[in-house]
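Let the hints inform the model, and build the full structure from the sequences given.
Protein chains: 2
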Amino acid sequence: DKIFTFIRHNQMINQKIVLITSGGTTVPLESRTVRYIDNFSIGTRGSTSAEYFLGLGYAVVFLHRRGSLQPYNRNFQHKNFLELFTTNDADDGDVKIKSEFKGLLGMCFAKYHLHVENKTLLNVEFTTLSDYLYLLKVTSEFLNECMESAMLYLAAAVSDFYIPFVDMPQHKIQSSSGPLHLSLQIVPKFLKPLTSKILPRAFVVSFKLETDPSLLLQKCHKALDTYNHQVVIGNILENRKREVVVVTKDSE
Amino acid sequence: DKIFTFIRHNQMINQKIVLITSGGTTVPLESRTVRYIDNFSIGTRGSTSAEYFLGLGYAVVFLHRRGSLQPYNRNFQHKNFLELFTTNDADDGDVKIKSEFKGLLGMCFAKYHLHVENKTLLNVEFTTLSDYLYLLKVTSEFLNECMESAMLYLAAAVSDFYIPFVDMPQHKIQSSSGPLHLSLQIVPKFLKPLTSKILPRAFVVSFKLETDPSLLLQKCHKALDTYNHQVVIGNILENRKREVVVVTKDSE
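Protein sequence lines, in the order shown, are assigned to chains D and G. Letter by letter, the first sequence follows residues 681 to 932 of my numbering. Letter by letter, the second sequence follows residues 681 to 932 of my numbering.
I should point out that these hints are in silico values taken from the structure, not numbers from a laboratory. Certain hints may be false.
[Unchecked claim] Straight-line C-alpha distance at most 20 Å; calculated EDC-like pairs for lysine to aspartate or glutamate: (1) D:K791 with G:D772; (2) G:K759 with D:D811; (3) D:K776 with G:D772; (4) D:K696 with D:E731.
Shown next, in the form of structure tokens:
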């Protein structure tokens with residue numbers, strides 16, 4: 681499929697390649713899904729990082745939550761896109777970029793199309809946790825062919841809890857039956873098989889998000905010990921856009 | 681504020697006016713919110729209906745979930761908007777609409793800007809259940825001034841369950857502490873005060889979504905009896921885009 685073709689193309693020309701995951705995964709609460717648990721991530725870090733990696737000459741597989749921020753559209757996604765344009769001078773029913781957005785949007789537009797045409801950027805979408813895990817696994821298997829030129833940059837906010845399919849109510853939960861009690865199971869850790877079996881030679885960067893600063897460092901070190909990969913970047917919800925801690929094997 | 685100004689303007693010129701709600705509300709699971717419960721609604725019905733109301737000469741307050749479909753952008757929101765355009769012939773860093781989208785997007789663009797400039801369309805955003813309830817209440821209070829020219833069209837998918845603020849954990853729930861048990865309370869019904877006190881003379885249309893066909897009709901009739909409003913439109917998740925049941929006071 682298109683992921684395989686993209687990776688194979690970049691492998692043939694010896695391009696460094698990074699799989700970036702971004703945005704949050706959902707877990708359904710009902711098997712004919714009306715409701716689900718989500719998290720606040722909109723993909724700021726993943727989409728911004730993707731632009732940096734592209735600037736550094738990497739090919740990027742951008743595995744992101746449907747509708748979350750993507751490289752080069754991230755500055756404009758919060759707006760109704762119809763607001764970015766105005767009627768053009770020819771008045772032929774076509775549009776032009778509003779003057780206040782011209783510089784940034786024109787540049788983003790050009791870079792986006794350049795990277796897509798050069799096959800250095802591939803956007804792939806997920807929504808649910810199971811979509812995400814499936815796509816992460818198959819992409820990692822393809823990437824393993826690239827050996828040391830492959831990087832994994834796991835910025836997605838992956839659900840920690842889910843309701844197993846057998847425990848799910850089939851129909852919409854009725855509010856007339858009183859308060860709702862939910863029991864969620866812990867999602868099996870997928871990073872262990874990824875770093876030890878599927879992609880053992882890649883450079884792997886994972887992220888930890890906490891709200892309690894007293895837990896952060898210890899959780900970063902624990903992740904590095906457990907998964908034996910290269911870098912954990914830890915951040916606290918409130919100041920995550922200004923400050924991170926970077927924990928590497930050498931710093932242990 | 682802008683909602684008041686918009687409604688007052690349309691009231692002065694005796695414009696019929698409808699408040700359309702659209703998209704899903706979220707309920708946080710943690711007070712420093714990382715996780716929340718959401719529902720699948722992306723606002724197809726609300727945004728499509730808004731275009732019909734605008735076509736019929738109504739002024740529309742479109743109260744929608746941030747990022748969900750809006751009138752005139754709804755056919756394009758699922759795409760990265762950078763994909764809708766190509767470089768223009770002048771090659772001056774500006775863009776033009778790709779030929780395959782030219783007809784529909786050009787028309788939507790023109791209609792959107794016409795309605796915004798004519799003050800017949802106002803987009804207002806919510807995310808959480810409490811944002812939604814607050815905005816619905818204040819907008820309805822303004823609308824009550826319009827007497828019988830006001831309509832309420834409640835297409836949003838509002839959460840049925842929430843976690844009261846006092847019951848919420850402050851910090852991110854830790855997956856190391858084992859399976860997660862959540863207890864959610866039923867959201868108080870807001871339609872009763874709306875139809876009986878806040879907006880007693882407006883024409884009110886509400887919606888019911890179920891997954892079990894055997895419950896639908898009875899739940900529609902029950903809603904009409906309870907809230908004593910004008911119309912309930914019932915639909916089943918699987919075929920909601922092709923078929924609805926319409927229950928009115930006369931049909932009781």
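Comparing the hints with the structure gives:
1. Between D:K791 and G:D772 the alpha-carbon distance is near 15 Å, which keeps this suggested pair within the 20 Å criterion.
2. The hinted pair formed by G:K759 and D:D811 meets the criterion: a straight-line CA distance of about 19 Å does not exceed 20 Å.
3. Taking the CA atoms of D:K776 and G:D772, the gap is about 11 Å. The hint holds against a cut of 20 Å.
4. Straight-line distance between C-alpha atoms of D:K696 and D:E731 comes to about 15 Å, which keeps the hinted pair within the 20 Å bound.
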